[in-house]
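Student: Chains as they are written, first to last, in the numbering used here: chain L, 22 to 136; chain Y, 1377 to 1488.
For the record, the hints were derived by calculation from the structure and aren't laboratory data.
Glycine included, C-beta positions come from ideal geometry on N, C-alpha and C.
Fair warning: there could be bad hints in the mix.
[As the list claims (entries may be wrong)] Residues on chain Y that point at chain L, a partial pick, calculated with CB under 10 Å: (1) 1380; (2) 1383; (3) 1385; (4) 1421; (5) 1464; (6) 1483.
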Amino acid sequence: EAGVTQSPRYAVLQEGQAVSFWCDPISGHDTLYWYQQPRDQGPQLLVYFRDEAVIDNSQLPSDRFSAVRPKGTNSTLKIQSAKQGDTATYLCASSRDWTSQNTLYFGAGTRLSVL
Amino acid sequence: AQSVTQPDARVTVSEGASLQLRCKYSYFGTPYLFWYVQYPRQGLQLLLKYYPGDPVVQGVNGFEAEFSKSNSSFHLRKASVHWSDWAVYFCAVSDMGYKLTFGTGTSLLVDP
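In isolation and in its complexed conformation, chain L is listed as follows (with noise of 0.2 Å):
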């Protein structure tokens, strides 16, 4: 069973500029997260999906970052302008439902530095 891909691994950017990461989760797993992984710290949640529908968006910062996974497969997260402080790795995981009894599944991250 193939993992969490994600795409690029790595992106430098200038401030402003946009930048776009890509996620294919595993197969059938129908809820999808990002998080975010400022260096040294732990993941913290931007949004996760069920199915195509976003359940829960509260930490994504709507001003400049968007989601969509619009098949309800693959997701793509968007920076619009981004600024130094979004330099972090930001993690895509799925799994199968969104029960209690759930494993998450990560992709190994793409890692942002924002100069």
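Add chain Y to chain L, keeping to what the hints say.
Tutor: Frame of chain L; chain Y shown alone:
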């Protein structure tokens, strides 16, 4: 709101020695608790998970953890550390399993 505290940012142990990584949680009710490991340049991988039941949970690669409601703790243990255990370990608490709140992580260094 739920939260997790990992008081030790870094722990160093000798190969073959025993290990305990500390985790304290804050949650109203009975929590679901997890330990994840992150190897360099890789995503997080589940070591073990606790659902209400037996307080001692066995995980992969010889890891186990013990849930204590009275101490609000979920410490991770291993009897004999191997050099390949060198990684960052995260404790997490969940409300019904879908929204994980992670601690800041403990970096484990293994002396040869």
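Student: Now tell me if each hint is right for this structure.
Tutor: The hints, checked one at a time:
1. Because the closest C-beta pair between residue 1380 of chain Y and chain L is about 8 Å apart, less than 10 Å, the hint holds.
2. Annotation: residue 1383 of chain Y was flagged as interfacial toward chain L, and the flag is violated, the nearest CB pair being 13 Å apart, outside 10 Å.
3. Because the smallest distance between the Cβ of residue 1385 of chain Y and any Cβ of chain L comes to about 8 Å, under 10 Å, the interface hint for this residue holds.
4. For residue 1421 of chain Y, the interface hint holds, the least distance from its beta-carbon to any beta-carbon of chain L being 7 Å, beneath 10 Å.
5. Because the beta carbon of residue 1464 of chain Y sits about 9 Å from the nearest beta carbon in chain L, less than 10 Å, this interface hint is met.
6. With a cut of 10 Å, the hint placing residue 1483 of chain Y at the interface with chain L holds, because the nearest CB-to-CB distance is about 8 Å.
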